[in-house]
Amino acid sequence: MADVALHPNRVPATKATRRRNGLHNALRRKSTVAFLMTLPLILLVAAFVIYPALYSLHLATLNKSMTKFIGLGNFEFLFKRDTFWLVVKQSCIFAISAVIFKALIGFIVAHFVHNVPANKQRRWRGMLLVPWVIPPAMSTLAWLWLFDPSYSAFNYTLSFFGIGPIPWTGDANWARFSVILVNVWYGAPFFMIMYLAALKSVPEQLYEAAAIDGANWWQRIWYVTLPMMRNIIAITTLFSLIVTFANFDIVRILTAGGPLDHTHIFATWAFRVGIEGSDIPLGASVSLFMVPILAVAAIFILRDISKRGNEA
Amino acid sequence: MSRKKLSRREFVAATALSSAALVTAPYIRGAYAAGTLSIGFWDHWVPGANKASTELVNEWAAKEKVEVTIDYIPSQGNKNLLTIAAEAQAKSGHDILQMPTWWPHAHAELLEPVNDIMDQLVKQNGKVNGTVNYLGQANGKWLGVPASVGSQIKGPCSRIDLMKKHAGIDVQEMYPAGSPPKDENWTLDTFLKAAEACHKAGVPFGIGLGETSDNVDTAGAIFQSYGAELVDAKGNLTVKTDAVRQSLEFYKKLIAFLPPDVSAWDDASNNKWLVSGKGAMIMNPPSAWAVAKRDAPQIAEQCWTHGFPAGPKGRFAPYLPFFWNIWAFSKNKAAAKSLLVHLSQPASVEKMVVASGGYDLPAYENLTKLKVWEEEGPPKGTLFSYPDPYHRQTLSIAASPAPPKVAQQIYAQATLTKMCLRFAQGEAMEKTLAWAEGECEGFMRS
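Going down the list, the protein sequences come from chains X and R. This note's numbering puts the first residue of the first sequence at 1, with every later residue one more than the last. This note's numbering puts the first residue of the second sequence at 1, with every later residue one more than the last.
There's no promise every hint is true.
In silico DSSO-like links for lysine-lysine, alpha-carbon gap of 30 Å or less [stated by the list, open to error]:
hint, chain 1, residue 1, chain 2, residue 2
1, R, K240, R, K252
2, X, K68, R, K331
3, R, K272, R, K293
4, R, K79, X, K68
5, R, K252, R, K431
6, X, K89, R, K79
7, R, K431, R, K234
8, R, K234, X, K68
9, R, K252, R, K200
10, R, K182, R, K380
11, R, K240, X, K80
12, R, K337, R, K65
13, R, K123, R, K333
14, R, K141, X, K68
15, X, K89, R, K431
16, R, K164, R, K252
17, X, K80, R, K234
18, R, K431, X, K80
19, R, K369, R, K293
20, R, K253, R, K272
21, R, K333, X, K68
22, X, K68, R, K91
23, R, K65, R, K123
One-sided and incomplete, this derived list gives chain R residues near chain X with beta-carbon spacing under 10 Å [unchecked claim]:
hint, residue
24, G206
25, S269
26, F443
Note that these hints are calculated values from the structure, not bench results. Just so it is clear, CB atoms sit at the ideal spot from N, CA and C, and this is done for glycine as well.
Here chain X stands alone, though its shape is the one from the complex:
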């Protein structure tokens, strides 16, 4: 017996009905619902990230008066400028050293907090997160006061010990030290909280097994903690590297790139050239130069993570 019901009087489904059913089916699919729910975010990202990125790519291909397409002419010009290479060097010094110190301090402090009794941990976590939750433009203004060329509070304090005055923002090396110090102060709590979360997820049994095997403190960190935290360390480092490379406010407020351009990084120099110097295409080219550097770092770090994921 055929299991198809015959409806001799039924009119064949029209095109419109078929379309309506198709839409109905599409709406019932999980992927469609997921897409619709993420659509607002996708639109926001498109409007505020993708469009500006493409627009800056377009700007970077124009001449100074923005009337002519010059291809890679702006990059060619930049490659011949000494100041540009100084900025590249400084951006690398700034970002790499700041990320290393942030990671190191974050790791050490996370261990301290991890070992604090559970009932007191929340208080410590809150206090240690303070630098990270204050808007950096505001906290850097406080640092500016501490480093002020003429009325530095640090120098005032140091003078009681017969030290100084130290030209915190007036000497190239001290100025570099100062901007890195403020960046480390601001960013270390982020590493601390990420590492603390990772530490809490390391199974206690591994430490017990290591202790039975006679592992000392250092061996426990090297053979248990670090391998278990590798992915989070890699992701945090990548994220911080991107943010630190793109930093603007700390350097802009503290030194504005001086003295003698010795603290300029990509974003501050791009602002100087593009906005203050009214050369928007060159400014866009300077800021875009971060992309290949960060892309290379991202590829290496993410490849390493996915390799480990596959091994697991």
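Place chain R on chain X using the hints.
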């Protein structure tokens, strides 16, 4: 139901009657019959100064039946520069936007020419100074109307007591209030000797060598006093000249008498230096004195603003004008021009200058002797010489007379102060010049 038909005769009569009524009826002008106008003004430092601008605009708007909106845009954090860049990119925004120094030239192609009203204003208020001509015009086209609001001279503001005591200079006698200055001996040599004496006495001059405007402006005036240009008016490189070498030699001597941290100074540092009572002189408009009047009145009572020292090629003072500009994409250019004429009337200018406590400087020759500068104090007459009432100085801007788009780069990158610092820190003269030449070559790109 019957419908009444309109006959041809009745239709003609009705039309004629309505037309006659429309023609003879009195014209009733709506509240905003002349449209709308949006304005972006610079947000003044001086409390209450914006109020004078608002009142003048409202007064004009009521008379002309225009609906106006005013945004006061601060220069802190370069918000005004960002607004200019954003509106230029979007080709949309305010009808009138106030722009500082170099920005009208940077956006010359996007600005409405205002030659028609400038001719009229120059006839009425007198000639404008050379810097306004240089920054306000491109190929004979006036790019904006010089705004008194925000325009300033960054001349010396000296401590009367300290200069008399340590350098033996009576600045009040040299620049008396109400009569012409006796400034023949006020030269760069005298200035250097005074700097040395004050340094020895522990109250050095507070002249910055950082990368911000105040620092660059002083260097610009001193370079021009020696006739030093990095790029000439035709766009030729003129870095390796004796005039530039002399300027660097002068600065090297001067830096030895300045506070050790001047390389890190920004635009606030010199103000703080004066208010703290640590220094005998700074180069600034009267804002520093105004702050001292509020925070350290005993110091303000000893302040005297006066002219720049003269160099071998003349007496130059840094002048930074603002302009009121009309975007070419403005939808109400006629109203915008009418408002700018209103704001440039002598009475309007005086009102704005008074509201700013004498900080604002009109660019027109006939408007440099307003009563406010005679009367401001203490000490009375402290601002008398601020607007250069006897035209003893050439008002100039650093990096001029290079073509403005090149000069803007020299100015923004602080090439002059960087050269001074490099040389003073021990770099060989020719190496410093070669570095500056390389920089300027880069600034020439079009």
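Each hint, compared with the structure:
1. Between the alpha carbons of K240 of chain R and K252 of chain R the distance comes to roughly 17 Å, so the proposed pair stays at or under 30 Å and holds.
2. The hinted pair formed by K68 of chain X and K331 of chain R meets the criterion: a straight-line CA distance of about 27 Å does not exceed 30 Å.
3. Straight-line distance between C-alpha atoms of K272 of chain R and K293 of chain R comes to about 13 Å, which keeps the hinted pair within the 30 Å bound.
4. Taking the CA atoms of K79 of chain R and K68 of chain X, the gap is about 28 Å. The hint holds against a cut of 30 Å.
5. Of the pairs offered as hints, the one joining K252 of chain R and K431 of chain R holds, with about 15 Å between alpha carbons and a cut-off of 30 Å not exceeded.
6. For the hint pairing K89 of chain X with K79 of chain R, the CA-to-CA distance comes to about 29 Å; that is within 30 Å, so the pair holds.
7. In summary, the hint linking K431 of chain R to K234 of chain R is supported, as the alpha carbons are separated by about 25 Å, within the 30 Å threshold.
8. Between the alpha carbons of K234 of chain R and K68 of chain X the distance comes to roughly 23 Å, so the proposed pair stays at or under 30 Å and holds.
9. Proximity of K252 of chain R to K200 of chain R is assessed by CA-CA distance (about 17 Å); at most 30 Å being required, the pair is judged to hold.
10. Restraint check: the Cα-Cα separation between K182 of chain R and K380 of chain R comes to about 19 Å, which is no more than 30 Å; the hinted pair holds.
11. Distance restraint check for K240 of chain R and K80 of chain X: the Cα-Cα separation of roughly 21 Å lies within the 30 Å cut-off, and the hinted pair is therefore satisfied.
12. A hinted pair counts as satisfied when its Cα atoms are at most 30 Å apart, and K337 of chain R with K65 of chain R qualifies at roughly 15 Å.
13. Of the pairs offered as hints, the one joining K123 of chain R and K333 of chain R holds, with about 22 Å between alpha carbons and a cut-off of 30 Å not exceeded.
14. For the hint linking K141 of chain R to K68 of chain X, the alpha-carbon distance of about 23 Å falls within 30 Å, and the restraint holds.
15. For the suggested pair K89 of chain X and K431 of chain R, the alpha carbons sit about 22 Å apart, so the restraint of at most 30 Å is met.
16. Our distance criterion of 30 Å between C-alpha atoms is met by K164 of chain R and K252 of chain R, whose separation comes to about 25 Å.
17. The straight-line distance between the Cα atoms of K80 of chain X and K234 of chain R is roughly 24 Å, inside the 30 Å bound, and the hint therefore holds.
18. Taken as a hint, the K431 of chain R and K80 of chain X pair is honoured in the structure, with Cα atoms around 18 Å apart against an allowance of 30 Å.
19. Using a Cα cut-off of 30 Å, the hinted pair K369 of chain R and K293 of chain R holds, with the two alpha carbons roughly 23 Å apart.
20. A threshold of 30 Å between alpha carbons decides the hint, and for K253 of chain R with K272 of chain R the separation of about 24 Å falls inside it, so the pair holds.
21. Between K333 of chain R and K68 of chain X the CA atoms are separated by roughly 29 Å; this keeps the pair inside 30 Å, and the hint holds.
22. The suggested pairing of K68 of chain X with K91 of chain R holds, with an alpha-carbon distance near 18 Å, which does not exceed 30 Å.
23. The straight-line distance between the Cα atoms of K65 of chain R and K123 of chain R is roughly 27 Å, inside the 30 Å bound, and the hint therefore holds.
24. The interface hint given for G206 of chain R holds, since its Cβ lies 9 Å from the closest Cβ of chain X, which is under the 10 Å cut-off.
25. The beta carbon of S269 of chain R is positioned within 10 Å of a beta carbon in chain X (closest approach about 6 Å), and the interface hint is therefore held.
26. Annotation: F443 of chain R was flagged as interfacial toward chain X, and the flag holds, the nearest CB pair being 8 Å apart, inside 10 Å.
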